[in-house]
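Asks: Chains as they are written, first to last, in my numbering: chain A, 1 to 502; chain B, 1001 to 1156.
To be clear, the hints were calculated from the coordinates, so they are not data collected in a lab. Every value quoted in this text rests on a predicted model; they were computed, and no experiment measured them. Misleading hints may appear alongside valid ones.
To be verified - Quick list of in silico lysine to any residue cross-link-like pairs, SDA-like style, CA-CA up to 25 Å:
#1 1078(B) to 446(A)
#2 429(A) to 1081(B)
#3 429(A) to 1002(B)
#4 429(A) to 1006(B)
#5 202(A) to 1092(B)
#6 446(A) to 1010(B)
#7 428(A) to 1018(B)
#8 428(A) to 1148(B)
#9 202(A) to 1003(B)
#10 202(A) to 1070(B)
#11 428(A) to 1029(B)
#12 202(A) to 1015(B)
#13 428(A) to 1017(B)
#14 428(A) to 1063(B)
#15 429(A) to 1155(B)
#16 1078(B) to 140(A)
#17 428(A) to 1071(B)
#18 429(A) to 1015(B)
#19 429(A) to 1010(B)
#20 429(A) to 1088(B)
#21 137(A) to 11(A)
#22 446(A) to 1040(B)
#23 429(A) to 1029(B)
#24 1078(B) to 202(A)
#25 446(A) to 1022(B)
#26 353(A) to 129(A)
#27 202(A) to 1004(B)
#28 1078(B) to 264(A)
#29 446(A) to 222(A)
#30 1078(B) to 430(A)
#31 428(A) to 1074(B)
#32 202(A) to 1010(B)
#33 446(A) to 1031(B)
#34 428(A) to 1015(B)
#35 202(A) to 1006(B)
#36 446(A) to 1047(B)
#37 202(A) to 1147(B)
#38 429(A) to 1089(B)
#39 202(A) to 1081(B)
#40 429(A) to 1137(B)
Here is what each chain is made of, one letter per residue.
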Amino acid sequence: MENLDALLHGFTIALSGNHIFLMVIGVLLGILVGVLPGLGAPNGVSLLLPLTFGMQPVSAIILLSCMYWGALFGGSVTSILFNIPGEPSSVATTFDGYPMARDGRPTTALATAFGSAAFGALAGVVLITLSASWVAKVALAFGPPEYFAVYFLAFASFVGMGGSPPIKTLVSLALGFALAAVGIDTVSGSVRLTMGIDELVKGVNFVVAVMGLFGIGELLIAVEDEFHVKAISSKVEWREVFRTLIHLPRYGWVLLRSAAIGCWMGITPGGPTAASFMSYGIAKRFSSRRANFGKGEPEGIIAPETADHAAGTSALLPMLSLGIPGSATAAVMMGGLMIWGLNPGPMLFIEQKDFVWGLIASMYLGNVVAVILVLLTVPIFAALMRVPFFIIAPLIVIICTVGAFSVSNSYLDVVLMMGFGVLGYLFKKLHYPLAPLVLAIVIGDKAEDAFRQSMLMSRGSLGIFFSNTLVTTLVLLGAALLVLPVIWQTIGKMMERPALRP
Amino acid sequence: MMVSRRSLETATALLTGAFGAAVAVSSLGNGIGWSAAGVDSGTFPFIVGLIILSGSIFNLVQGWLQARDIVLRPSELKRLGLLFIPAVVYVGVIPLIGIYLASGGYVFGALAWHKRGSLVFSSFAAIGTALALYLIFELTFQISLPRGALGDIIGF
């Protein structure tokens, strides 16, 4: 097995003292941003990004990815103990996690969540181990039209399956494209969309956008609600942890189904949030204990947690092998890859074997580290929740400001960051999805280049997107995903109408 | 003062729509369509601008037709203002007094406002914040943070 050899080699890279140390730091920082409601995984990763510029790429990605795992776990802690989702993707965990903790079983709720989360993550990593290099091999044969078709598919699946209003998703996506186009055009060298501001020639940096959208935007949302922390005992009883974990296989079917939903939503850029909601919904519909959902049903914790982590992990598969991130956080990491001088996509598997397999190996280790650390530190981080919001809020504003400035030593970036903050708040409040916006900022240029190169190849004929089976299939699949929400809505309305009659 | 979902939807749609229109108009200057060098550099942004514009018009109509439920009550608006206005002031004074002084002042102000009285603690927290920024960014990662016009005057 070629992949297993490569993976073992990866372990020799990931298992150095330095990297284990980075994993611990990454996971702890991740739990921290996961627990704090104003900060999330994409924001935390982008805050850390400027600090990784001087590092080896493999060390940098281990630090960032471990922060991601930590944030995924941290988000569940506050969902369960305080009914406050630290991450958007752990909202569904509050439905049953909090009631179970409130009824005096916080340890069971936490252990159930972490156990199924670890299973979901494992499913994602195994999927990456087995198929990433195969996908990359297929993708090596891709030309510009195939690439554009894949990008199209990715964006179409956002609009069709993201769960937000389709037109709002479309606007969000197109805004990202426009922002990506600001600055010097890579093909012709002409300057675009600077609107008379000379400094914008360098373009709008995605780190600045992410910090505003997620950091400041999230903060403004969080401050609206009066912050009442209803403390539940956060002491972890280890006997109960092991008992819960041993009983977890009883829910094997729920685990497998949720992991499959998560992996699918991670690879197609549906993202962890959509995955967890979808998985919860399906679990509720098909469960024999449906009436118990919302009152502390274990399946109600297992389903969203497994899907959340499976999606978060497998989102790195398309990022590594195709150069298309499957989630907002993966998009930020991919931006990092480009800054470190790597070219995300199939060539990575040939030119940067150490990087790829070091990362994959670190995903196995990082998740183990995360489970252990999160169990050990639950009481500490739970205590952190009692730090009043008026202390945390200015600190987050300062971190975002300094972070935005440090990207390219520019004050304009700080002003832009605040602007993105307002936009992020409005979008969040009105259910515009943010992930497509970030995704488009990061890969908008590449999608445009692929389109223009295809047009050059075909001398301006759109027929090139139907020139072979692969391209045609991808384009048609994308088109189907685009019109699906319309069809579903129409069917839904037609089904509703007869029911309305008395 | 209260804000309805309707007005918030409308404002957002107008904002994105104006941006879309600006993008489309400004792309015209780069040339749209097909030329000897392939697809002109303004084409893609032009289409994107049109998508934003038309999507915004759809959202505008949709938002206008929506129920006028209240999404921001006075108490929420007040809390929002109490966070946002100091944050804007903080960012606004950075070019004048630099990031260190501004951050320290921001933390001091936030603490003093909420914990009326314990000024000593607030001062320590403010100095601690500025010091932490200096140690982390300036010393460890060698990123020079702005000192503002004041920094130029005193030569820091």
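Asks: Run every hint past the structure and note whether it holds.
Replies: Here is what the structure says about each hint:
Restraint check for residue 1078(B) and residue 446(A): the C-alpha separation of about 43 Å exceeds 25 Å, so the hint is violated. A hinted pair counts as satisfied when its Cα atoms are at most 25 Å apart, and residue 429(A) with residue 1081(B) qualifies at roughly 16 Å. For the hint pairing residue 429(A) with residue 1002(B), the CA-to-CA distance comes to about 15 Å; that is within 25 Å, so the pair holds. Restraint check for residue 429(A) and residue 1006(B): satisfied, since their Cα atoms lie roughly 12 Å apart, inside the 25 Å limit.
Taken as a hint, the residue 202(A) and residue 1092(B) pair is honoured in the structure, with Cα atoms around 23 Å apart against an allowance of 25 Å. Simply put, residue 446(A) and residue 1010(B) have alpha-carbon atoms about 33 Å apart, too far for the 25 Å limit, and the pair is violated. This hinted pair checks out: residue 428(A) and residue 1018(B) have alpha carbons roughly 20 Å apart, not beyond 25 Å. Proximity of residue 428(A) to residue 1148(B) is assessed by CA-CA distance (about 33 Å); at most 25 Å being required, the pair is judged violated.
Between residue 202(A) and residue 1003(B) the alpha-carbon distance is near 37 Å, which puts this suggested pair outside the 25 Å criterion. A hinted pair counts as satisfied when its Cα atoms are at most 25 Å apart, and residue 202(A) with residue 1070(B) does not qualify at roughly 41 Å. Between residue 428(A) and residue 1029(B) the alpha-carbon distance is near 33 Å, which puts this suggested pair outside the 25 Å criterion. Restraint check for residue 202(A) and residue 1015(B): satisfied, since their Cα atoms lie roughly 24 Å apart, inside the 25 Å limit.
Pair hint residue 428(A) plus residue 1017(B) holds up; C-alpha atoms about 18 Å apart against a cutoff of 25 Å. A C-alpha spacing of about 15 Å is found between residue 428(A) and residue 1063(B), which places the hinted pair at or below 25 Å, so the restraint holds. Our distance criterion of 25 Å between C-alpha atoms is broken by residue 429(A) and residue 1155(B), whose separation comes to about 45 Å. Using a Cα cut-off of 25 Å, the hinted pair residue 1078(B) and residue 140(A) is violated, with the two alpha carbons roughly 55 Å apart.
For the hint linking residue 428(A) to residue 1071(B), the alpha-carbon distance of about 12 Å falls within 25 Å, and the restraint holds. About 15 Å separates the Cα atoms of residue 429(A) and residue 1015(B), which keeps this hinted pair within 25 Å; it holds. Between residue 429(A) and residue 1010(B), the direct Cα distance comes to roughly 13 Å. Compliance with the 25 Å bound is thereby established for this hinted pair. Between the alpha carbons of residue 429(A) and residue 1088(B) the distance comes to roughly 20 Å, so the proposed pair stays at or under 25 Å and holds.
Restraint check: the Cα-Cα separation between residue 137(A) and residue 11(A) comes to about 22 Å, which is no more than 25 Å; the hinted pair holds. Distance restraint check for residue 446(A) and residue 1040(B): the Cα-Cα separation of roughly 16 Å lies within the 25 Å cut-off, and the hinted pair is therefore satisfied. Restraint check: the Cα-Cα separation between residue 429(A) and residue 1029(B) comes to about 35 Å, which exceeds 25 Å; the hinted pair is violated. Restraint check: the Cα-Cα separation between residue 1078(B) and residue 202(A) comes to about 37 Å, which exceeds 25 Å; the hinted pair is violated.
For the proposed pair residue 446(A) and residue 1022(B), the alpha carbon gap of about 23 Å is at most 25 Å, so the pair holds. A hinted pair counts as satisfied when its Cα atoms are at most 25 Å apart, and residue 353(A) with residue 129(A) qualifies at roughly 13 Å. Among the hinted pairs, residue 202(A) with residue 1004(B) is inconsistent with the structure: their alpha-carbon atoms are about 38 Å apart, more than 25 Å. At most 25 Å may separate the alpha-carbon atoms for a hinted pair to count; residue 1078(B) and residue 264(A) exceed this at roughly 42 Å.
Restraint check: the Cα-Cα separation between residue 446(A) and residue 222(A) comes to about 34 Å, which exceeds 25 Å; the hinted pair is violated. This hinted pair checks out: residue 1078(B) and residue 430(A) have alpha carbons roughly 19 Å apart, not beyond 25 Å. Distance hint between residue 428(A) and residue 1074(B) is fulfilled; the C-alpha atoms sit about 19 Å from each other, no more than 25 Å. A threshold of 25 Å between alpha carbons decides the hint, and for residue 202(A) with residue 1010(B) the separation of about 32 Å lies outside it, so the pair is violated.
Under the criterion of a C-alpha separation no larger than 25 Å, the hint pairing residue 446(A) with residue 1031(B) is consistent with the structure, at around 20 Å. Our distance criterion of 25 Å between C-alpha atoms is met by residue 428(A) and residue 1015(B), whose separation comes to about 15 Å. A threshold of 25 Å between alpha carbons decides the hint, and for residue 202(A) with residue 1006(B) the separation of about 37 Å lies outside it, so the pair is violated. Distance hint between residue 446(A) and residue 1047(B) is fulfilled; the C-alpha atoms sit about 16 Å from each other, no more than 25 Å.
Pair hint residue 202(A) plus residue 1147(B) holds up; C-alpha atoms about 23 Å apart against a cutoff of 25 Å. Between the alpha carbons of residue 429(A) and residue 1089(B) the distance comes to roughly 24 Å, so the proposed pair stays at or under 25 Å and holds. Proposed proximity of residue 202(A) and residue 1081(B) is contradicted: the alpha carbons are some 33 Å apart, above 25 Å. Among the hinted pairs, residue 429(A) with residue 1137(B) is inconsistent with the structure: their alpha-carbon atoms are about 34 Å apart, more than 25 Å.
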